[in-house]
Structures are given as C-alpha cells and as structure tokens.
Amino acid sequence: MSTVSTKRLFVLFALVAILGVVAACAPAPTPSAPATPAPPAKETVVVKETVMVAGTPQVVEKVVTPTPVPPKVQDTFIFGAQGEPVCLDPAIITDGISGRVTNQIFEGLVKFDKDTTNVVPSLAEKWTTSDDGKTWTFTLRKGVKFHDGTDFNADAVVKNWDYWRNTKNPTHDAQIKAGQTFEYYEAQFGGFDDNSIITKVEAVDPTTVRFTLKEPQGPFLNNLAMFVFTFWSPTALEKAGTKSCQNPVGTGPYKFVEWKPNEQVSLTAFADYWDKANAPKMKNVVIRNIPNNSARLLALSAGEIHGMEGLEPRDVAAIQNNPKFKLILRPANTTGYVAFNYKVKEFNDPKVRQAFAQAINKDAIVKAFYGGTGMVAKEFQPPALWGYNKDIQDWAYDTAAAKKLLADAGFPNGISQVTFDGKTVPLEFWYMPVSRPYYPSPKDIATAIAADWAKAGINVSLQTVDWATYLDKRKNGQLPLYMLGWTGDNGDPDNFVCYFFCMDAKDTPITREGFVADKEVSDILKKAAVITTQADRAKLYQQAEKLIHDKVLRIFVAHNQPPLAFAANVEGYIANPTSTEFFNTVVVK
Amino acid sequence: MLRYFIKRVFTVLPVLIGVSMLVFGFLRLIPGDPATVMLGERATPENIARVREQLGLNKPIYEQYFIFLGNALRGDLGTSVLRQEPVTQEIVRRFPATIELTLGAILVALVVGIPAGIISAVRRGSWFDTVSMLIALTGVSMPIFWLGLMLVFFFAVSLHVLPTGGRLEASSNFEPITNLLLLDSLLRGDFGTFLQALRHLALPAIALGTIPMAIIARMTRSAMLEVLSQDYIRTAHAKGLKERTVVIRHALRNAWLPVITVIGLQVGRLLSGAILTETVFSWPGIGRWLVDAIYTRDYPIVQGVTLFIAIVFVGVNLTVDLLYAWADPRIKFE
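If you read the protein sequences in the order shown, they are chains A and B.
The C-terminal position of the first sequence is numbered 865 in this note's numbering, with every residue numbered one higher than the one before it.
The C-terminal position of the second sequence is numbered 448 in this note's numbering, with every residue numbered one higher than the one before it.
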C-alpha cells in the first residue's frame with residue numbers, strides 16, 4: 277500500500293522537477309554543462325532549424341536567441357566593489373568600502389582635490405589660522421541644503437562635532453552602548469572630551485565656525501578632509517539614532533535610496549545640490565558587492581557593471597590592451613614592508629638589518645608580482661606625498677655584500693636561528709594570508725624574498741595564519757619578522773611616519789610595530805607634527821626618512837598604484853589616493 | 115512507524131547539543147580576540163575592555179554557553195558584532211536566497227541525474243553510457259568555483275544570454291515578500307521579475323547542481339544495474355513485458371532506495387557547496403554571510419548560522435530516514 281503512494285510521490289516529484297527545469301533552463305541551453313563548451317551557437321543563431329534528435333535535449337537553442345542582452349540603462353553608473361559596506365555613518369566607519377559610499381552622500385568642510393591629497397574647500401569657502409596655530413576660523417558656504425531639506429550652517433557643524441567628540445552626547449552615548457566606536461575621531465584628534473586636541477567648536481554666526489585647539493596640529497586640515505569628518509543633517513541624525521548606519525543623510529551630490537545587504541547600495545542624484553557646476557552627471561549610482569575578483573571582472577566584461585576595483589595584477593595587461601576597457605591607476609598611497617621585531621636579539625644589530633635589506637631583489641619582485649602597477653619603495657612615504665625624500669639612495673641589491681655584513685656581525689655561516697624572547701628558535705618569516713594593495717600576492721612575494729635571502733645565507737621558514745590572528749600576533753609582538761603594509765588615511769606624512777615611529781611621552785618602544793625605539797627619529801617627527809607650515813614640516817619628514825633608511829629600521833619593499841578597470845564608455849572617474857573619490861564627475865556615455 | 119519516528123527524533127537531540135557545544139567551543143579556542151578584531155588596530159585598551167564586557171566575553175565560558183543556549187531555545191541567536199543586526203532576523207531574511215539556490219540545484223541534479231543514470235544502466239556499454247558517465251566523473255571532480263566561473267564566462271560574457279551574478283538586475287526595485295523571489299514575483303503577478311529571477315538563478319543552480327547531479331547519476335546507474343541483473347527481472351522479460359514496463363515498474367522501484375539516501379546526503383552537501391557558489395555568483399544567502407562573519411570573528415553570526423545549518427542538515431537527514439522507512443517496509447522494525 278505504501279509503495280504505491282511512494283511511487284506516486286516520486287512521479288509527482290519528478291513532474292514538478294521537470295517543469296521547474298524546463299522553465300529554468302529555457303535561457304540556458306546545455307543543462308549538462310560540458311567542461312569544454314561546444315563550438316556552435318554564436319550570436320547569429322539558427323531560428324528555422326527544428327532538428328529532431330532522439331533522446332538528447334540539446335535542441336533548445338532557438339529559445340536562446342530571442343532573449344536580448346539586458347537593456348543598458350545609461351542613466352545609472354554601476355560600480356563593482358570588493359565587499360560589503362560595514363555601515364553608512366561616516367563617523368563610525370574606518371573601511372574604504374563604506375567610505376566610498378558615504379563620500380557620495382556626505383561632505384565636510386574641506387576635501388581632497390581630484391587625484392591628490394591636496395586640501396581644497398568643500399562646505400567651507402575659506403579659512404584662517406591664528407599665528408600660534410591654535411585657532412582655525414572657517415567661513416561656510418551659503419545656501420547648502422541637506423537631503424532632508426534642512427539647512428547646513430554653523431550650528432550643524434557644532435552639533436556634528438558634539439556627536440563625535442562628546443561622550444555625553446545622547447546619540448554618541450547610545451552608539452557606544454550599541455557597540456559602535458568613533459575610531460577615527462579618537463585616532464586623528466587624540467581622544468574624546470578633554471582628551472581631544474580640539475577643545476572648543478563654536479558657531480560665531482550662522483556661516484562662521486571657530487575651532488580652538490590645545491596645541492597646533494600639523495595635519496589638521498588633512499584630517500578634516502577625511503571622509504570621516506563629514507556632516508549629518510542634525511535632524512536626521514537625531515531621528516536615526518543608533519540606526520544611523522542604515523539611514524545616511526548629508527549634503528552630498530547623491531542621496532541614499534536603499535541598501536540591500538550583500539547585494540548593493542543604490543543612490544540617486546540630489547536635485548538641490550549646492551554645487552551646480554559639479555552637479556551629478558548620472559541620475560543613479562549603484563555600488564554592487566561582488567566579492568570574488570574574477571567574478572567581478574566577468575561582470576565588467578558582460579557589461580553588467582561599468583567599473584570595478586580589485587583588478588588582479590595578472591589581468592592588468594589584458595584590460596590595458598583591450599579597447600573595450602579602460603585602466604585607471606590609483607596614485608600610490610600604500611607601502612608594503614618587512615618589519616623587524618626588535619625583541620629578536622639579532623635584529624638590534626644594524627649590520628644584520630642591512631644584510632637583510634641588501635639581500636632582497638626588490639626590482640625583480642615588483643616586476644613579477646605587481647602587474648606593472650607597482651614601484652620599488654626606498655622609504656616609507658609614497659612619492660606622491662610632500663614629505664617624500666627623493667634624494668635617498670636605496671641599498672643596492674647585493675648578495676655578496678649581504679654575506680659580508682652577516683660575517684662582520686658574527687654570522688659567517690649565515691642565519692637560520694635567532695634569539696627571540698630569550699629562546700633560540702628557528703627564524704620564521706610571516707606573510708599575510710590576505711592580499712592587500714601593497715602586497716597583491718603575499719605568499720608569492722614572501723617566497724621570492726625567502727629565496728633571495730637564502731642566497732645570502734639567511735634561511736627562514738615561511739609561516740602564516742588567518743588574518744585576524746595575524747594582526748593579533750603582530751600586535752602582541754609574537755611575529756619575529758613579518759610582512760605588512762600601510763595605506764594612508766589623510767595624505768599627510770605624519771600619518772605614515774609618525775604613526776609608526778613616534779614614541780609616547782615616556783619614550784617606550786612602539787608596540788604597534790616591532791617594538792622599535794629610536795629617539796632621534798621620534799623627536800624629529802614629533803616636532804614636525806606641531807608645526808603648521810608645510811615647507812618646514814616637509815624638511816623634517818625628509819630628514820626622518822633618511823635616518824629610517826640609513827639605520828634600516830624597517831625594509832620598505834614596494835608602493836602600489838591599485839588598478840581599477842572601467843568600460844571604455846565611462847568618463848570622468850578620478851581615482852584619489854585615499855580611495856574615496858567622488859562619483860558626481862562620472863559619466864557613462 | 116510512529117515509534118520509529120519518535121526514536122529517530124530523539125537521536126537527533128544529542129547531535130544538535132553536540133554541534134552547539136562544538137561550534138561554541140571551537141570558536142573560542144581560535145586565537146584572536148573578537149573585541150580587538152572588531153575595533154581594529156587603533157583600539158584603546160579601555161574600548162576593548164568595554165566591548166568584551168558587552169559581548170559577555172568576561173564571563174566564564176560555560177556561563178557564556180548556557181546563556182547562548184538559553185537564548186537560542188527562545189529563538190534569539192544574539193546580535194552581530196560588526197553591524198549590530200539581530201542574527202535570527204537576518205537568517206530569516208537571508209535564508210530564502212539560499213533555499214532558492216539549493217532547490218534550483220536539486221532540480222538540476224534530479225532531472226538530469228536520474229534519467230541519465232537509468233538510461234546508462236539500461237544501455238550499458240553504449241556510447242550514451244560512456245559519455246554520460248565520463249561527464250559524471252568530470253562533474254564529481256570539478257571544483258565548483260572553477261565551474262561557476264567557466265559557466266559565467268561562456269553564458270554571460272561570450273553569449274550574453276544570462277547574467278553573471280546577483281539575484282535581480284541592479285536597476286530592479288522589486289519589493290520582496292518572503293524573499294523567495296520566484297514565489298514573490300508570482301504572488302505579485304510580476305512575470306517580468308519572475309523571468310529575471312529565473313535567469314539569475316540558472317547558472318548558480320547549474321554550478322551547484324553539477325556535483326550532486328553526477329553523484330546521483332552514478333548512483334542511479336549502479337543501483338539499476340544491480341537490480342537489472344536479478345532473477346525477477348529476467349522473469350519479467352521472459353513473461354514478454356515491454357522493456358519500458360520492466361525498467362520503470364519493476365527495476366526502478368527497487369533501485370530507488372539507495373538513490374534516496376544519496377539524494378538526502380547531497381541536499382546536506384548542497385548547503386556547504388552553496389557557500390562557494392554564493393561567493394562566485396554574488397548570491398546574498400547565508401553561506402556568504404557566514405564566510406564574511408568568520409573573517410571578522412563575528413561570534414554571534416558564526417554560532418547562529420552554524421547551528422541553524424546543522425538543524426537544517428539534521429532535519430533533511432531525518433526526513434530522508436523517514437522516507438526510506440516508508441519506502442522499504444523492512445526498515446521500520448530495525
């Protein structure tokens with residue numbers, strides 16, 4: 277009895293299945309998916325031929341042809357991003373993927389100009405600094421409206437600043453309690469409340485805002501230009517409260533429409549945008565989340581997206597040589613390096629460090645692994661930064677010299693073991709498990725470096741672990757010798773050099789990266805951080821870079837100009853070194 | 115039947131408790147403090163301490179587990195660390211996408227796999243048998259990742275007949291109801307969206323369905339071959355029955371049993387395959403969400419989703435067991 281109904285059940289099941297697949301397969305002809313696609317079936321296909329083939333269901337091709345290529349909507353710019361935004365409240369986020377979205381919606385007092393980190397006016401028309409560098413007065417633009425129709429004015433600036441700085445501000449407090457942080461505010465301005473370097477922000481009149489600082493801050497304007505310090509409509513912020521991540525309201529050229537998690541964020545042009553000369557050229561912007569690099573490139577090739585980040589180095593040449601596409605290189609704002617952990621006894625000898633540096637063939641590495649978008653690094657700052665020292669002569673690649681240096685340092689037979697935290701251990705070289713703009717393929721690069729070192733008698737074992745653990749171990753000083761890099765936040769040399777080489781007031785070794793402690797370098801950098809004239813600061817940074825190089829405090833390997841790929845009909849995309857460009861100039865022709 | 119059912123259901127409980135303990139325990143054994151990861155490199159010790167407090171990471175581990183289990187029984191799987199979303203609610207929102215993908219893949223697997231297996235067995239040694247088993251072997255050995263990219267390259271980039279990924283076109287402003295887009299578009303009477311959703315589903319379903327399809331085809335073939343060599347089949351032939359009647363009514367019915375088991379197991383595997391497929395095809399289901407969460411050490415999501423997948427897996431297997439018992443009367447007395 278039950279067998280009969282079993283059979284019926286299966287018949288029914290099979291029927292449903294067949295129906296489903298007939299429908300599902302209508303546009304896709306070969307359901308059995310052969311490994312090598314058969315040659316026929318090009319665009320000009322067979323409509324008349326109704327061939328009778330017994331048994332095999334491969335005749336369906338005629339259904340394929342009528343289905344047209346999806347209609348191209350030219351009022352929309354679709355950008356393929358590498359991942360999902362974390363949050364769309366600029367004050368809370370630190371990641372570039374979120375930042376690129378909020379950058380279209382929000383604006384700050386100043387911004388980075390085009391493809392540089394030069395600071396130009398945005399919502400502030402102009403500004404003045406007091407002689408002691410402690411008071412900054414900004415004149416605001418008139419007639420600027422938020423997306424919710426409210427006015428942008430000095431009061432809005434003050435309220436936003438209160439939200440970021442004041443831990444007793446109800447919205448700030450609620451965000452913290454909900455698990456959010458204001459990481460960048462804390463990092464760029466020294467902390468919250470009384471710890472903040474900014475002691476007072478006041479509205480002098482509706483179009484004038486005055487900032488009072490505890491002490492002059494060299495990178496102040498560069499900090500203000502970051503995507504983080506951009507303004508919310510205070511009304512909208514109050515309404516959004518802890519839901520601010522999902523409900524962004526600013527003054528930018530595009531306003532927020534919808535965020536479909538793991539799919540896309542949609543924006544639409546803001547009709548009342550103040551800057552008529554730079555009003556958005558496309559009606560809509562869609563930022564799609566396509567996590568896989570190959571899949572993203574295929575989406576670009578299929579015409580489903582107009583532009584993308586995260587192009588693999590190996591695909592750069594193909595994009596460059598194909599007239600259907602356009603390659604844009606983002607000006608370098610990254611540096612990949614090999615860091616010494618100074619808890620390793622041997623690394624405290626400059627001769628050993630120099631041997632490690634001279635044994636690496638940086639030139640070959642850059643040529644092999646950066647797809648033509650990399651450049652050899654000889655110092656920490658990329659050449660685009662104004663603190664860059666172009667006069668530094670890098671250590672030459674010289675295996676024999678490296679061997680000699682090691683011998684002079686007491687290692688005539690090379691180095692395979694080191695004294696780390698008092699114990700003799702085999703020397704491990706750690707590479708990152710993820711690719712980053714500064715190291716597109718860390719494992720390959722690590723292998724090349726290790727091979728170079730081996731020629732000079734430096735024998736390392738390669739190690740890695742998942743990314744979060746990697747960062748954790750590095751922070752706890754558990755990696756003796758490792759690869760990492762830095763991408764600048766605000767285009768200021770301070771953000772590169774001082775962040776890693778400025779010691780605290782007690783001159784304790786820097787735990788952030790390798791417990792380095794060099795007072796000479798640190799003092800110069802600290803001095804540069806409080807001067808406000810750029811020319812004077814530049815000299816100090818160049819001096820510091822020279823010292824860092826001569827002492828081989830770290831080995832800088834490469835800068836990279838991350839490649840972006842676009843359809844040939846996309847114009848006006850200007851890639852900024854900070855990765856947070858504006859989409860209002862983009863046109864899809 | 116009822117006794118068997120109750121017995122099976124009870125064996126499932128320890129499995130689920132075991133899974134929840136393993137997931138909970140393993141995640142905490144991995145080095146890397148979630149508070150540090152979440153707050154990033156610039157975090158101050160005070161902030162880290164505060165977040166640990168919020169996440170309950172300061173409590174003893176067994177206490178954390180019981181709190182987790184108690185909440186889970188009430189349907190509360192916690193709140194995500196990075197994006198502050200309630201995990202249960204997010205599973206409800208994202209799972210339909212995975213269901214749609216998995217069902218599509220099963221359909222592909224069954225509709226192609228079973229007939230291919232039957233025909234191969236009946237025409238053993240024929241060119242059809244050779245070719246389809248060769249394809250099946252290739253299918254089993256094929257990495258989903260690569261297959262997915264090849265399908266996209268061929269159908270989306272070269273032929274322009276199907277989209278490369280996603281569930282709907284970027285310009286679509288369709289409002290889902292249940293988030294099963296095929297169903298929702300029909301419910302709303304929006305046939306255009308239905309077709310669009312179907313077109314987006316086709317390639318991921320084929321990519322995900324290929325391995326189970328190949329396994330099912332091979333399993334059906336060998337089960338059929340075994341049955342076809344039995345005496346009663348010879349008798350049926352001797353009685354002068356038509357080939358089709360012998361194959362469908364006599365042989366296939368007995369060959370079903372091992373095939374059902376394999377189908378059941380494959381359904382479970384599809385969930386893990388879905389993780390890769392969802393990444394290649396930018397499919398917004400729970401698989402990709404889980405992978406992202408693992409990278410960011412978002413404990414509540416990883417725990418919640420793993421537990422949820424385990425429940426689904428166990429549920430599917432239970433259903434298969436029951437089906438099996440139903441199909442073969444000898445089993446229920448074991």
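It should be emphasised that the hints constitute simulated quantities derived from the structure, not laboratory data.
Incorrect hints may appear among the rest.
[Unchecked claim] Below 25 Å or equal to it, Euclidean Cα-Cα: the simulated BS3-like pairs (lysine-lysine) are:
(1) A:K602 - A:K865
(2) B:K173 - A:K453
(3) B:K173 - A:K749
Hint check results:
1. A:K602 - A:K865: Cα-Cα ~13 Å, so holds.
2. B:K173 - A:K453: Answer holds: K173 (chain B) to K453 (chain A) is near 18 Å, not above 25 Å.
3. B:K173 - A:K749: holds (23 Å)
Checked against the numbered hints given earlier, this structure breaks none of them.
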